Structure formats: C-alpha cells, structure tokens
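Protein sequences, first through last, are from chains A and B.
So the first sequence is residues 2 to 400, counted in this note's numbering.
So the second sequence is residues 2 to 400, counted in this note's numbering.
Rather than coming from a laboratory, the hints here were simulated on the basis of the structure.
Take the hints with a grain of salt, since some may be wrong.
In this list, chains with the same sequence are indistinguishable; a pair is considered to hold if it fits within one copy or across any two.
Below, a list of computed lysine-lysine pairs in the DSS-like style, where the Cα atoms sit at most 27 Å apart [stated by the list, open to error]:
| no. | residue 1 | residue 2 |
| --- | --- | --- |
| 1 | K59 | K31 |
| 2 | K262 | K13 |
| 3 | K271 | K145 |
| 4 | K59 | K305 |
| 5 | K302 | K333 |
| 6 | K36 | K67 |
| 7 | K145 | K262 |
| 8 | K166 | K59 |
| 9 | K302 | K59 |
| 10 | K26 | K271 |
| 11 | K396 | K23 |
| 12 | K341 | K399 |
| 13 | K396 | K328 |
| 14 | K36 | K396 |
| 15 | K333 | K67 |
| 16 | K328 | K354 |
| 17 | K67 | K305 |
Keep in mind the model is a prediction, meaning the values are calculated, not measured.
2 protein chains.
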Amino acid sequence: MALMNENFNDVKQSYLFAEIAKRVKEYTEKNPDKKVIRLGIGDVTLPLVPAVVEAMKKGCDEMGVKETFKGYPDYEGYAFLREAVSGYYKSFGVEVSADEIMISDGAKSDVGNIVDIFSQDNVVLVTDPVYPVYVDTNTMSGRKIIFADSTEENGFAAMPDDSVKCDLIYLCSPNNPTGAAYTKEQLEQWVKYAKKQNAIILYDAAYEAYISDSSVPRSIFAVEGARECAIEFCSLSKTAGFTGTRCGYTVIPKELMINDKNGNTYSVYKLWYRRQATKFNGVSYPVQCAAAACFTPEGQKQIKANIAYYMDNAKVISAALDELGIKYTGGKNSPYIWLKCPNGMKSWDFFDKLLNEVQVVGTPGAGFGVNGEGWFRLTAFGDKENTAEAVKRIKSLKF
Amino acid sequence: MALMNENFNDVKQSYLFAEIAKRVKEYTEKNPDKKVIRLGIGDVTLPLVPAVVEAMKKGCDEMGVKETFKGYPDYEGYAFLREAVSGYYKSFGVEVSADEIMISDGAKSDVGNIVDIFSQDNVVLVTDPVYPVYVDTNTMSGRKIIFADSTEENGFAAMPDDSVKCDLIYLCSPNNPTGAAYTKEQLEQWVKYAKKQNAIILYDAAYEAYISDSSVPRSIFAVEGARECAIEFCSLSKTAGFTGTRCGYTVIPKELMINDKNGNTYSVYKLWYRRQATKFNGVSYPVQCAAAACFTPEGQKQIKANIAYYMDNAKVISAALDELGIKYTGGKNSPYIWLKCPNGMKSWDFFDKLLNEVQVVGTPGAGFGVNGEGWFRLTAFGDKENTAEAVKRIKSLKF
Numbered sequence: 002m003a004l005m006n007e008n009f010n011d012v013k014q015s016y017l018f019a020e021i022a023k024r025v026k027e028y029t030e031k032n033p034d035k036k037v038i039r040l041g042i043g044d045v046t047l048p049l050v051p052a053v054v055e056a057m058k059k060g061c062d063e064m065g066v067k068e069t070f071k072g073y074p075d076y077e078g079y080a081f082l083r084e085a086v087s088g089y090y091k092s093f094g095v096e097v098s099a100d101e102i103m104i105s106d107g108a109k110s111d112v113g114n115i116v117d118i119f120s121q122d123n124v125v126l127v128t129d130p131v132y133p134v135y136v137d138t139n140t141m142s143g144r145k146i147i148f149a150d151s152t153e154e155n156g157f158a159a160m161p162d163d164s165v166k167c168d169l170i171y172l173c174s175p176n177n178p179t180g181a182a183y184t185k186e187q188l189e190q191w192v193k194y195a196k197k198q199n200a201i202i203l204y205d206a207a208y209e210a211y212i213s214d215s216s217v218p219r220s221i222f223a224v225e226g227a228r229e230c231a232i233e234f235c236s237l238s239k240t241a242g243f244t245g246t247r248c249g250y251t252v253i254p255k256e257l258m259i260n261d262k263n264g265n266t267y268s269v270y271k272l273w274y275r276r277q278a279t280k281f282n283g284v285s286y287p288v289q290c291a292a293a294a295c296f297t298p299e300g301q302k303q304i305k306a307n308i309a310y311y312m313d314n315a316k317v318i319s320a321a322l323d324e325l326g327i328k329y330t331g332g333k334n335s336p337y338i339w340l341k342c343p344n345g346m347k348s349w350d351f352f353d354k355l356l357n358e359v360q361v362v363g364t365p366g367a368g369f370g371v372n373g374e375g376w377f378r379l380t381a382f383g384d385k386e387n388t389a390e391a392v393k394r395i396k397s398l399k400f
Numbered sequence: 002m003a004l005m006n007e008n009f010n011d012v013k014q015s016y017l018f019a020e021i022a023k024r025v026k027e028y029t030e031k032n033p034d035k036k037v038i039r040l041g042i043g044d045v046t047l048p049l050v051p052a053v054v055e056a057m058k059k060g061c062d063e064m065g066v067k068e069t070f071k072g073y074p075d076y077e078g079y080a081f082l083r084e085a086v087s088g089y090y091k092s093f094g095v096e097v098s099a100d101e102i103m104i105s106d107g108a109k110s111d112v113g114n115i116v117d118i119f120s121q122d123n124v125v126l127v128t129d130p131v132y133p134v135y136v137d138t139n140t141m142s143g144r145k146i147i148f149a150d151s152t153e154e155n156g157f158a159a160m161p162d163d164s165v166k167c168d169l170i171y172l173c174s175p176n177n178p179t180g181a182a183y184t185k186e187q188l189e190q191w192v193k194y195a196k197k198q199n200a201i202i203l204y205d206a207a208y209e210a211y212i213s214d215s216s217v218p219r220s221i222f223a224v225e226g227a228r229e230c231a232i233e234f235c236s237l238s239k240t241a242g243f244t245g246t247r248c249g250y251t252v253i254p255k256e257l258m259i260n261d262k263n264g265n266t267y268s269v270y271k272l273w274y275r276r277q278a279t280k281f282n283g284v285s286y287p288v289q290c291a292a293a294a295c296f297t298p299e300g301q302k303q304i305k306a307n308i309a310y311y312m313d314n315a316k317v318i319s320a321a322l323d324e325l326g327i328k329y330t331g332g333k334n335s336p337y338i339w340l341k342c343p344n345g346m347k348s349w350d351f352f353d354k355l356l357n358e359v360q361v362v363g364t365p366g367a368g369f370g371v372n373g374e375g376w377f378r379l380t381a382f383g384d385k386e387n388t389a390e391a392v393k394r395i396k397s398l399k400f
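Just need the whole structure built from these sequences, with the hints factored in.
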C-alpha cells in the first residue's frame, strides 16, 4: 500500500498570506468605495528593464531558427550566464569562479531542494523571525529544527551561541522579514561558529542588491573562511524583478566538503550537481539570456535605477516612522521595513487598525515566528504614488 | 557536524552518455575527416514552431510594461495554460479538469520531486530497461526498488505479476528507451494490479504525442479506475520541442487518495500542491505563454507537422531494419527504435562497430538495465538528410 511521507503532517499550514487576503477581501466587500493600498506582499511592481526584455526576445527568436535552436540546457546553466554572475561577484570584490555557480529557476527551488543532499539526522538552526521555507522544507524531510532569537535587543540580527550544537545554519541577510543586515564582523562570528562544529551555513543573499552600506557584505564569501563552510543562494527576483521570470543561482565553492558517518569526505558541489542532474533539467534558454542581460553595463544601469526607485519608497516610509517615533529595522540596506507596533499593540491588531482606519495593508510580524509578535512588515516594492499616499494616511492615524 | 545523505553513495554514476561521448571523441580525434552522424541522444533538432515563438515574445513584451507585468506566478500554473491542457486531453477523449493539472518546468522535475510526498518505506516497482531517473530518485531517498522484466518475449512491455507486492509503480508508455507502447487492455491489467494492493502508478506520458494507433491510449486516464490509482506526468519537450524551453505538467485526479500509517486518508493533489508551494515558485510567464500556444489550432497544426517529420525518420529507419531482417520494437507510436543487435552482439560491441565502420552513433541498450544487453536504441529526432545517410551506411554494413 502506498503511504504518504508523514512529515507533511508536521508542516504548519501557512495561514499568513491567506489570512491577510481573507481580511482584505471582507473589508473591501463591506467598503467597496475605499481604496486599499498594499504594502504587504514581497512582490515587485516595476516591469522588467528594456535590456532584459530585448535579450529574452532575442533568445526566443534563436529558438525559432534551426541553426540557433537550443535543446536540453546544461544542468549547471550556460557558461555565458555563469561567467556573467562570476563577473558580478568580482564587481563587489568577491572571487567566485564560473564553475562554482549553478543556475536555477529561482532561489526558492534551490533553498528547498538543497535538503536532499543532507542527512536527515542533521540538526537545523534558523533565526526567528524566519522566511518559512527554511523551516517547512526541513520539517518535510524530518529534521530537528532549533531557533536563534532575533530580537529588538540584538537589532533582529541573531548571533551564534557556542553552547548550541547544530549541523546546518540558515542565514538570510539582508533579512526577510526584518530587513536587518549583518555586518562583516557579525558574519565572521557566524563563520567561526560554523567552522568550530563543522556545520554548513546556507546563506540566502536574495536581497544583496539593496545593500548600500560598505560595512555590510554583499556575499558570505566576502568573509574569510566562508568558502570552507558556506553555500550561497541568490536570485534575480528582487535584484531585477524576476519574480515572474524565474532565475536564480547557487554558489558552492570547490573547497566545501562534507562527511559521511564513516568520516569519508565528499565535495558538496558534486553532490548538488548529482541531485540537479537527476531531478532537474536546467533553465529555459530565453530566461538565461534575460538573466545574463542583467549583468551587462546597460542592464546594471537600468536595474539599479529600479532599485533606487524602491529605496526611495523605503526612505519615505522610514522618514514617516522617524517622525512618528516608531522604532524599526531595515529600510536601509533592505526593501523591508520592520516596525514595532505602537503602544504595545499585537501584530494582527495593528494590521486591523491600519486596514480599517486608513486602508493600508502590511504583513503581521507574528506570521514569521514567535519573535515577530508585536512587529509589522512594510515593503518598499509599491508604487511611488501609493507609497506616499499610504505614508500620509499612516501619519494621520491616532495611536 | 553536517553529514551527507548517504543514499547518494548508492546512486549509480551514469556512465552511459559520458562513455558514449568519450568513445565518439576518441574516434573523431583519430579520424578528423570522417563525418559522424548522431542518432543517439533523445534531444530534438527542429526549432520551436512560429506560433510558440510569437506567443513567448508577446509574453516577454508584457513583462516589460508596468500594466501587463507579472510577478510571482501561481504555484499550479496560470489558469489559461491549465485550461488549454485540459482542452488538449478532451481532444483525445480524456476528461481532466484544469484544477487537477499542475504546471512545472518539465516532467523530469516532477517525476524527480514527487518522491518527496511518499513514505521512504514504500517499495518501488520499475520496468527494466528503464529511464534512469525513476531509479536514481528513489535510491537517493532510500527506497527499495524491484524490477519487472521487459523482454523480447513480452515485446518489451512488462506486465504485472500478482505475486509481487509493491507500493509505487513507474510506467512509461510509449516507453523510453524501448519505444514499446501499452495497449488499453495492458494498461487495464496494470490498473487492476495497482488497485488490488493500493499502489499508486506514476505514469510517464512524455511521448504520448507520437501515438498514432487507436488501441494505444494517450493517457492512463483513458483507463477506467485509473483516476483512483494514478498520477500522470507529461512534457512539451518531445511534443513541441521544449527540451530547452522547459515546460511540463502533472495530472493528479481529485479522487486520488493516500493513507498514513494510521489509516488516515489524504488528498495526493493537496500533498503535491503543498510540496510545490514550499520548494517551487512556478514557471516563467513567457514560457507559460509559449506552452499555451502549443494547444491552439495553429500551434497544434505546426507541432503535428514536426512530429510527422520525426516519424518519417522513424519509418526510414524501420524500413531499413525490416530489409536487414533486424528485430526491433518502437518506431511506430514512438520516436525510439529499439533494435536487437545482429548475430548476438553485445550492446557496446555493436556501438563500436557502428561508430568505427560507418560513423553512426546510437545508444547501447545495456545502459538502461539488465534486459537492455544485446539491444540498441536509435532515435528519430535527427535531420531527415542525416537519418537517410545513416540508414544507407548501416545497410552497407556486413554482419
């Protein structure tokens, strides 16, 4: 008799965005004349830049001509794209070779599927509040999960505790949902901690393009020793508006090794390559062309203009919170603003207040973990005009 | 200490295509003047049809305009594509509703990732010779695998044996590598067998578009009772030349249920949806536009012309084998021709003979399993001119 993977019963149903959608729907049905502004969901709103669209269309055209048609892509991605990513790393001072880069259909797929190569006995450390994928994918494969607290006291940047033992460590910096970004010194502590116990850091750099502060590394590989203890996941979703176009990349240094129980040593890159060769068939050629266009001088210029647009929104939101005396993290090296609900309000109460009184939708921090209660996430990915209007409305609120 | 998933040590390194590449390279280096014709790898050679290219480019253009830009796609795929696939099934008499269809970046991803939702204790039945992904993905997750023999005697169409117990059954029809296609009566026996022991059939229909014989179903769901015991995987790779464009779909009927160990019952569709929502973020919008264009009247007409082109190649190869008195399966409802090496030759010996004497490259059957020894796969996916030339050369051989 076919039986299910019973670990699925331990995966928490994610009610967060469904519950938000439900409350917004109820409100708009009762108040059809009110204009609701959404600063909640972490999706981008600006279209793909012209350089990307042109490159993708050129890729489509090539697929329609016998001489330039492309069949099965390489599992690891086309060399032209991996070279471009390698050059991108170089532009901010990090050396990663093209044959340490594997292209995928998005960081979420890689962050989710990477668990396949690890023992089920590994203990997983995540910071709380947390992007739910780190927890859910490990719950599905039956691993024990422990938490490191990101709190107001540590600026929502959890730090390692030498007395805690773990085997896999998920870090996301700049962080989703808190917008906090680790400094080089903080990452050095994590690398030191990981190496001490032969743990592997799974580093999610999806928001690296929003970093402006030179003390905040764009990559874990800017930290000495990280090449022997870390995998980095990155994505074009937020860097270049690829949420609907789907392309990301994972960096596994050739030095990164892992043991079996008998102490034999294996290349993590080779294990991941084997996993991908077995369960994945590469990324669409026109999408890889589009992705490569992100790294040309023209593409970079256009993409950076979009990032600046979003960061202007972040500044508008931050300035209002400063004016209101509301505490927050993020908004500087991150498109997320993570604010403390005024007067000790709980996350969902603040959500209801914003929705009902000024028709602004955000994301209750409690949905991201225990330490998110009493906090609230706003995103800079909205329209300039809507963001300004939302901020004006929030300032009109009486707390 | 981070430890690897030790099941990876049990995954056989796939030397098949690497070994072919090595021998071809050695030969061409020694004989640079000889023109080698490849009828080995299962990749297509005709470009995407115009209707598909146009739709994909239109999708790209929409991504470049704010009003039509698309962010995160639905995990299950856009409704317009799922409706189109549902209509396609209807065109050959099978009722599958759009909300039983999940779009993905290719059948290989789904066939590979589906193992996530099943218990590791399930016993897996595969037919031998076999597409290696069924074996490797289950080896990686530590499942016991047993084999049903596809042999010359049963026309390389293994049938169930009631004395054999199993929980998951992989069937591929028309088959890769043997080209054999199950009749409706044969599939009815498999469905009966599966239902008797509450097993689930994982049905790979990647080559369904090559079926011309009305006794051969295009879908497992043409068989009564299959909706309660089967999942179907399909792909546009061979149907529409999407090997480099990447799009497929998986059908899970709403009736299909699975138990946990306590006898509680769960929807397989919901488990798979949950898996995809956690580890996947949907398919690129322009690619979904391209896929939908395959199912329009114009798209269908253009795609069917390409399939006819390949099947003309199959006829040319089959006619030559008939003339030479060489036994084979496939070539009728399949782009693969699976031939018995003449005079009791072994697969690799025949490979070397073809390469060295007439510079034609095929795939040794021994690479697909024990029952493949002494057999050899040719594909119809080549050029018309090259296929004719290869056949002429094979006919010149002395056996």
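Against the structure, the hints:
no. : hint         : verdict
1   : K59 to K31   : neither (48 Å within a copy, 38 Å between copies)
2   : K262 to K13  : between (31 Å within a copy, 20 Å between copies)
3   : K271 to K145 : both (25 Å within a copy, 24 Å between copies)
4   : K59 to K305  : both (23 Å within a copy, 25 Å between copies)
5   : K302 to K333 : within (20 Å within a copy, 54 Å between copies)
6   : K36 to K67   : between (51 Å within a copy, 20 Å between copies)
7   : K145 to K262 : both (18 Å within a copy, 21 Å between copies)
8   : K166 to K59  : neither (51 Å within a copy, 52 Å between copies)
9   : K302 to K59  : both (20 Å within a copy, 25 Å between copies)
10  : K26 to K271  : between (48 Å within a copy, 24 Å between copies)
11  : K396 to K23  : within (26 Å within a copy, 69 Å between copies)
12  : K341 to K399 : within (16 Å within a copy, 83 Å between copies)
13  : K396 to K328 : within (14 Å within a copy, 82 Å between copies)
14  : K36 to K396  : within (17 Å within a copy, 75 Å between copies)
15  : K333 to K67  : between (49 Å within a copy, 25 Å between copies)
16  : K328 to K354 : within (18 Å within a copy, 77 Å between copies)
17  : K67 to K305  : between (36 Å within a copy, 17 Å between copies)
Hints 1 and 8 from the list above are not met by this structure, while the remaining hints are.
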